[in-house]
Every structure is written in C-alpha cells, then in structure tokens.
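S.K.: Line order of the protein sequences matches chains A and E. All letters in the first sequence, in the order written, are residues 1 to 245 by our numbering. All letters in the second sequence, in the order written, are residues 1 to 257 by our numbering.
I should point out that these hints are in silico values taken from the structure, not numbers from a laboratory. Ideal Cβ placement from N, Cα and C applies to all residues, glycine included. Keep in mind that a hint or two might mislead.
[Unchecked claim] Chain A is nowhere near these chain E residues, computed Cβ spacing over 10 Å in every case:
{"id": "1", "residue": "Ala61"}
{"id": "2", "residue": "Ala80"}
{"id": "3", "residue": "Ala94"}
{"id": "4", "residue": "Tyr217"}
{"id": "5", "residue": "Trp250"}
[What the hints assert, rightly or not] Straight-line distance between alpha carbons at most 16 Å, and here's what the computed EDC-like set of lysine to aspartate or glutamate pairs gives:
{"id": "6", "chain 1": "A", "residue 1": "Lys166", "chain 2": "A", "residue 2": "Asp192"}
{"id": "7", "chain 1": "A", "residue 1": "Lys80", "chain 2": "A", "residue 2": "Asp162"}
{"id": "8", "chain 1": "A", "residue 1": "Lys5", "chain 2": "A", "residue 2": "Asp149"}
{"id": "9", "chain 1": "A", "residue 1": "Lys80", "chain 2": "E", "residue 2": "Asp149"}
{"id": "10", "chain 1": "A", "residue 1": "Lys80", "chain 2": "E", "residue 2": "Asp151"}
{"id": "11", "chain 1": "A", "residue 1": "Lys219", "chain 2": "A", "residue 2": "Asp199"}
[What the hints assert, rightly or not] Now the in silico label distances, taken between C-beta atoms and shown as ranges:
{"id": "12", "chain 1": "E", "residue 1": "Val100", "chain 2": "A", "residue 2": "Gly39", "range": "36 to 42 Å"}
{"id": "13", "chain 1": "E", "residue 1": "Ala13", "chain 2": "A", "residue 2": "Ala129", "range": "25 to 31 Å"}
{"id": "14", "chain 1": "E", "residue 1": "Ala246", "chain 2": "A", "residue 2": "Glu116", "range": "28 to 34 Å"}
{"id": "15", "chain 1": "A", "residue 1": "Gln124", "chain 2": "E", "residue 2": "Val50", "range": "51 to 57 Å"}
{"id": "16", "chain 1": "E", "residue 1": "Phe90", "chain 2": "A", "residue 2": "Gly133", "range": "39 to 45 Å"}
{"id": "17", "chain 1": "E", "residue 1": "Leu72", "chain 2": "A", "residue 2": "Gln8", "range": "55 to 61 Å"}
{"id": "18", "chain 1": "A", "residue 1": "Ala54", "chain 2": "E", "residue 2": "Phe88", "range": "20 to 26 Å"}
{"id": "19", "chain 1": "A", "residue 1": "Lys16", "chain 2": "E", "residue 2": "Ala123", "range": "55 to 61 Å"}
{"id": "20", "chain 1": "E", "residue 1": "Leu98", "chain 2": "A", "residue 2": "Asp15", "range": "36 to 42 Å"}
{"id": "21", "chain 1": "E", "residue 1": "Ala15", "chain 2": "A", "residue 2": "Ala163", "range": "30 to 36 Å"}
So the chains spell out like this:
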Amino acid sequence: MEILKAEQISKRFGDKEVLQNVSLTLNAGEIVGVLGVSGGGKTTLFNVLSGVCAPDGGRVLLRGEDVTGKPGKVSYMLQKDLLFPYRRVVDNVCLPLTLRGMSRREARAAAEPYFEPFGLAGTQTLYPAQLSGGMRQRAAFLRTYLASDGVALLDEPFSALDAITKRTMHKWYLGVMRTIELSVLLITHDVDEAILLCDRVYILSGKPGEIRAQIRIDKEKTEDFALSTDFLDYKRQILAAMHLD
Amino acid sequence: MTKRFPSITNKLAPAAAVAAVLAIWFLCCEGEIVPAYMLPSPADVFRAFVRNIGDLLRQAAVTLQEAMYGLLIGIALTFAVAVLMDRFRFLYKALYPLLVVTQTIPTIAIAPLLVLWMGFGMAPKITLVVITTFFPITVGLLSGFGCVDPDCIHLMRTMGAGRMQIFRFVKLPCAAPDFFAGLRISASYAVVGAVVSEWLGGFEGLGVYMTRVKKAYAYDRMFAVILFISAISLLLMGAVALMEKAAMPWKQKGVSS
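Next up, chain E with everything else stripped away, as it sits in the complex (with noise of 0.2 Å):
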C-alpha cells in the first residue's frame, strides 16, 4: 500500500495525530477533567464557529488585507535589500549583523510602537507584517545567491555574460528554493503579525475580534477565531507551495538545484 498509494499513506501519520489531538482534547472535556470555562470541548467550539461565520469571515477579510498589503512590500523590499546586499560587499557586512538583532526583538514589543506613531488605522499592522516577514525572506535570498557555484559564474563570463545577466540567468533561478522556503515562513507570519498588531487598537479584523471575544469570556468563540486564523496560514502556506510548484516546474522532475 506504501508503494501503491504514496500520497495517501503519506498524509496517514498526520491525520492520526490530529485525530488523537482532538481525541484528547474532547475527553478532557466530557471527563471534565478541565473545567469548561477554561477549555470548550471541539464540539463547542466548531458550533462557536457555524454559528458566527459571518463574523470571522468579515473580520478575516481585513486581517488577510492587512497580511496581503505586508506580505507584499514586505517581498518588493526583501528583494531590494537582499540584491543590493549581494552586490556590495560592504552592505553585507554592514547590515546583516542588524538583522540578526531586529529578529531578537519581539514583535509584540513593537506593536504598541507602531501604534503610538501611526495610529489605530491599518498602517501600523501592514508596518509589523512588513517587520515580521521581511528576515525570513532576505536571508533565504541572501542564502540563495550565495550558494552559487562559482564555475557557472564564470562559464556565464566566458561566454560574455554581464552583472545583470548573470544575476538573472544564475543568481536569481539558483535563489528560487531558497526564496520560496522564506517565504513560506513569511506568509504564515504574516497573519499571526496582522492579528498580535490588531489585538493592541484596531476596529476591525480577528485580533480585534478576539479582544472582544476574550472580555465576554467567550472562550469557545476564542478557540474558533484561533483554530480559523490557524487555517488561514496553513491555505496562504499552501497557496505559497502551489506557486512555487508552478516557478520550479524542473523540480517535479526530482532535479535538485
């Protein structure tokens, strides 16, 4: 069967360990071995879901504008920095050491920053977004173009080739896998950073929306939100591994690059 079906057999471990999560969970609740107010059974909490929908899906449309609007720049600007990193030497040494830092930061000591200077609008979330997912891609490009192998650059300049030349035909092919592995990351970041902003000012979006479900101690709508924000990422993650798919197609062929 191994053999036979390798993609069903593949997703069998992880299916059984989420049956068992959701098995545990569910008789922890029924043996009321944790009291309900603190943790609702799955059932509770796949009602809290039906029943407020609507909701979710209203304020996951502004979260997921919010990821989007973030993920983007954040993309347009990775690439900017990582290139220009690449090229001079100085810039690498300069700026790496400041990324490690800005990644020992935690996010949510930033966020109420960024809303004392921009405001409870969306700049402040589409700011962290941008902050959240900008390391993980930089240091996939930056990893991918130097990884290299130096005789293709200099097969590219036997035949003539220039900088930008050997940047596109070389550099940039050779930093796909890395730069699809960052953003990966990246787009699951990307909510989690558009929710933890929200939750400190904001009208609208699910990190909103928890806050408030949170003081009504409605906890079974809590664990809704959460599970529904979980399911975000893992769709932008998938919608990610679709696109690379379809940029690498050389992979499908089990060509490493």
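So that you can see chain A by itself, here it is in the shape it has in the complex (with noise of 0.2 Å):
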C-alpha cells in the first residue's frame, strides 16, 4: 500500500534548479533509500517532502491526501540530533505530542512504553549531555517516531557516528524496525548503508536532482549479508548507476 508519494516535485533557487520531476513512493512498512552526490537537492527533496518549502511544482501525498506545504504531517528527522540540552530527554522526546497541545503528563504517559523497546530505558530523567552519541541517536528516533503518523524522513542520522557505533546502531534500527510501523525514507551517502537499511533506493542524480535509477535490495538480510557476493552485486549497481564505477 503507498503511504508516501511525491509527484514531479520541482524546485529552484533563483536560477539555480535543485530538483526536476522527481517522483518517488513509499510504501507501509518500507525502508526506502534516497542515495546522491553531496549537493545533489537530497535535503531539499525533504523539506519539500516534510512541508516546511513548498515545491515550485508538483505536489506530496500523504495516504492520498496532498500535504504539500503543510508542516508537521511527515515526521522528519535531521543530521544532527538536535536534542535540546535544557529538556529533560522524556521532555524531549515527548515534544511533537506536547506541541499538539497534549499535557506533559499525557505526552509523558504516550512515551513511556518506547523507552524499553528503544534502549532507552532508564534516562527519562537525565538531561541529553548526559547521553552517549549513541543514545542521543536512539531518543532523536523516538522523538521523530512519536511525532510521526507512521512515516518518517530520516536525513543521514547516523553520519555523525564513528564507525563502531554506527554499526551496532543499524542492527539496533534493524531490529526496532521490526517492532514499530513506521515508513522510512533514508537519506544517504553511504553506499554500504543503502544495501544494509533499505529495501528500495532511489538514485538521485545531482545539478539538477532528478531520479536516476531505482534498485530493489529484495535478497535477505542474514547475519553475514555485508560480507556476501550479493552485498557486492547490490553496491556494483548502484556505484553503476550513480555513474562512480
């Protein structure tokens, strides 16, 4: 069933075209790359996506219903954290429920039942410095899950990562994955990462963004995946179609 759907989204900057004609779906339950260069219009197809800049054309679906333009439908999740040091991360994480003008002990109670699942269990009380990047990561999650409606933009949240902690944090959002109903659009440029996370991904070629290949990841994803010729068969179409092989 397509959740998310984006329609020949065109935008430009002055004279600058940052996207033309990109049109992309999302189905319930995928995880769904979006790969290309740096500068390539990948955040700016999200804040279109998420309604904070509107398109110069084209327009976003939400579960059929046009979103274009209006914030706060799709949950978004940026680079960096963004938690903020003075809340408390249960205030944190509970703040798009609090904006929708639940009270905090509401919001609080609506949290609370994710801090295990999420591997946060235990920090309500503490304050983000208090975190590890790791964790930070974890409550940013779960701050953009409760604040979505079953579907969520993440923008290259594990970048910031090093890459022991990156690793363990994929086969923790693997397996949370599975425990939540969440639609994910990923935004990476990590190639690796792509064939890891996602079931679909999309190439976004750059100077003007426009969809350039689209590669199903439709093999299973056992223990050992990273290390398998199929792995290697996945990375080889997509560096083909990014043009970078």
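Combine both chains into one complex, guided by the hints.
M.R.: So this is what it looks like as structure tokens:
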C-alpha cells in the first residue's frame, strides 16, 4: 500500500534548479533509501516532503491526502540529533506530542512504553549531555517516531557517529523497525548503509536533482549479508547507477 | 587539596586579595601615610557601621525599594522590547543603534533632568534605575534570541510548531543564560542607579544619607555607606545567581546550552 507519494516535484532557488520532476513512492512498512552526491538536492527534497518548503511544481500525497507545503504531517529527523540541552530526555522525546496540545503528563504517559524497546530505559530524567552519541540518536529517533503518523524522513541519521557506534546502531535500527509500524525514507551518501538498511534505493543525480534509477534490495539480510557476493552485486549496481564505477 | 576541596580553594584567592587590600588600607592609616580625615581606617569604618546600623538599614530599605521597582519594570520593558525587536527585523535595525547611544550618556547627566521633570519623589529614582538596567538585559536577551541554532527552528517547523511555540520552546530557553548574565549586571547597576539619583534630590535613601554625612565631614560613615551599598549589590547579584541555578538545572549537570 502506497503511503507517501511525491509527484513531479520541482524546486528552484533563483536561477538554480535544485529538483527536476522528482517522483517517488514509499509503501507501508518499507525502508527506502535516497542516495546521491552531496549538493544533489536530497535535503531540499526532504524539506519539500516534510512541508517546510513549498515546491515550484508537483505535489506530495500522504495516504492520498495532498500535504504539499503543510508542515507537521510527515516526521523529519535531521542530521544532528538536535536534542534540546535544557529539556530532560523524556521531555525532548515528548516535544512533538506537547506541540500538538497534549499535557506534559499525557505526553509522558504516551512516550513511556517506547523507552525500553528504543534502548532508552532509565534515561527519562537525564539531560541529553548525559547520554552517549548512540543514545542521543535513539532519543532523536524516538522523538521522530512519536512525531510521525507512520511515516518518517531520516536525513543521514548515522553520519555523525563513529564506525563502531554506526554498526551497532544499524543492527539496533533494523531490530527496532521490526517492532514498530513505521515507513521510512532515508537519505544517505553511504552506499553500504543503503544496502544494509533499505528495501529499495532511489539514486538521485545532482544539479538538478532527478531520479536516475531505482534498485530493489530484495535478498534476505542474513547476519553475514554485508560479506556476501549479493551485497557486492548490489553495490556494483548502485555505483554504476551513480556513475561512480 | 585543590582536587579535594575545590569550593574552598576557589575562594582562597579572592579572600586573600580582599585581606591584602584591607591590610594595606590599615597600614596606610596606622602609618599616617594618608591623613585620617581623608581616609578613615578600616576599624573606624567598621565602628561607624555598627553605630549607625539602624539608620543604614532604614535608608537601605528605601533605596532597595527603588532599585527593585526599577529592576522589575526594567525587566518587563526589556522583554517587551527584545521580543518585538527579535520578531520585527525593521525594529531591530531601527532601535539597536539608539540603544547603544543611550549607553554613551552618563547616568549622572540624566539624573538632574529626571528630578526636574518628576520631582523629588520615588519616580525619578525608579526611572533612572529602569534606564540603567534596561541595556544589559536587552542586549543579553537579543544576543540569546539571535544565537539559536537555525536547525532547531527548522526541526520545530517540521513538527508543525507555530511562531509562539518556537519562541516558548526554543528561543526563550536558549536565551536564558544570556538573560541571567545581563540580569546579574543590572542587579548591581540598580542599586548604584538608585543611589546616584538620590544624591541629586530626595528625602530618604542611602544616596541622601551619603550627601548628609559628606556635608558633616563624617568620612568614616561615608565609607560605611559605600561598603554597605557594595554589600547590597553583591547580595543582589548572589540572589540572581541562585535564581539562575534554579531556572537552569541542566547547567548543574555540566551542560552548556
């Protein structure tokens, strides 16, 4: 079932055309990657999809409803965790619920059941600076999940992490995605990450950004998938589509 | 010792400096390097303070009242102006240079005018305190509002937050450290501002008391008043530090905002 759809999105800033007729779909429960070079319009595309930036052409549909230029409908996790240092972890996580008018008590009660599955048990009353980098990302992801209506846009959420933490976070992320109902569109410039985490990958060419190819990652992701020939085949296909082979 | 008792060792250096100043002052007076009528010894000042404590407290109550009214009105005015200046770029551009210019005008030059316009009551004193306390807090708030990470505002917008919500949940808490930095300075200015305006006309207050003892050539009492004003200012600054601690508990966890 199609949950999010972008139809013929175009966007320009002055003379510079950033996106040109970009169309993509996200089905329920899918994790779909958007891969592309830096400056290729990935973040602009997410700004349009999240509604904070109105496109010059095209529209965004969420479950068939036109949400073009309407922020607050599609949840968005930016590159930095952006946890507010002055709010306790629980209040950071609850922020989207508070913004929708829930009382602090209601919001905390709604968020409470997710702390354990998100690996954040016992952190509720801490401040963000008391968390490790990985935990901060999990808290930001939980905030994104609570803000979502089943759809989230993740803009390079693991790019700031070191290699070991990133690997742990990938495993954790795939585990938690099995327990929650969330469809994700993920921006990444890391080809390995895209293959490991996504069900499908869109290749976005740069200047102006347009969808160049779509690659389905349909092989089962076993424990040693990253070392398999299938993995290398996908990588070859993606690099070829990006013209980086 | 430094590691085991940091709070004690941190206070040792300033305590030693104060003790050294008192010792030099005492020796200058005892050795008659400076005549007693020009510089009374610390012991004379202390005696004058104890003898006149009743008078000092009575006058201080008036001065404190003026300082507190002025400070509270100043804070309220500051918030209104800073929020409007942050909201409307045109206002910021128009008013900021004016704000800076007001700081180049010495307080002592405005005080007689205020007395002329408002009389000898409490109004000119409070007005002068408002004028002196306004700038540090406004500048602090504006700097705090301006330093907010644009990505935080972007995140709030993606969550559908409105302008007021962005202000309440992001801008205001982000500006809190700068606000308190400005408030600490303003708290000390408030007492000095009240005293300066009392010098130029009035019936009560530490400034009026100072002019009286000066005319009586009672320099020991004069110094007692000066030290008392200084102590009140320090107490007010301490109170602001306590408020800051209570308002920003995340700072106690070694977190910067």
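S.K.: Now tell me, hint by hint, if it's right for this structure.
M.R.: Hint check results:
1. Ala61: 37 Å, holds
2. Ala80: 23 Å, holds
3. Ala94: Since the minimum Cβ distance to chain A is about 29 Å, E:Ala94 lies beyond 10 Å and the statement holds.
4. Tyr217: At roughly 54 Å from the nearest Cβ of chain A, E:Tyr217 sits farther out than 10 Å, so the non-interface label holds.
5. Trp250: At roughly 5 Å from the nearest Cβ of chain A, E:Trp250 sits no farther out than 10 Å, so the non-interface label is violated.
6. A:Lys166 with A:Asp192: Roughly 12 Å separates the two Cα atoms, so the pair holds.
7. A:Lys80 with A:Asp162: 14 Å, holds
8. A:Lys5 with A:Asp149: Distance ~15 Å between A:Lys5 and A:Asp149 Cα, so the pair holds.
9. A:Lys80 with E:Asp149: Between A:Lys80 and E:Asp149 the Cα gap is close to 11 Å, so the pair holds against 16 Å.
10. A:Lys80 with E:Asp151: Distance of about 8 Å is within 16 Å: holds.
11. A:Lys219 with A:Asp199: 9 Å, holds
12. E:Val100 with A:Gly39: 36 to 42 Å: Holds, at about 40 Å.
13. E:Ala13 with A:Ala129: 25 to 31 Å: Given about 29 Å between the Cβ atoms, the range holds.
14. E:Ala246 with A:Glu116: 28 to 34 Å: For E:Ala246 and A:Glu116 the Cβ distance comes to about 32 Å; the hint holds.
15. A:Gln124 with E:Val50: 51 to 57 Å: Holds, at about 54 Å.
16. E:Phe90 with A:Gly133: 39 to 45 Å: 42 Å, holds
17. E:Leu72 with A:Gln8: 55 to 61 Å: Given a distance of about 58 Å, which is inside 55 to 61 Å, the answer is holds.
18. A:Ala54 with E:Phe88: 20 to 26 Å: At 24 Å between Cβs, range holds.
19. A:Lys16 with E:Ala123: 55 to 61 Å: 59 Å, holds
20. E:Leu98 with A:Asp15: 36 to 42 Å: About 39 Å separates the Cβ atoms of E:Leu98 and A:Asp15, which means 36 to 42 Å holds.
21. E:Ala15 with A:Ala163: 30 to 36 Å: 51 Å, violated
In the structure shown, a violation is registered for the earlier hints numbered 5, 21, in ascending order.
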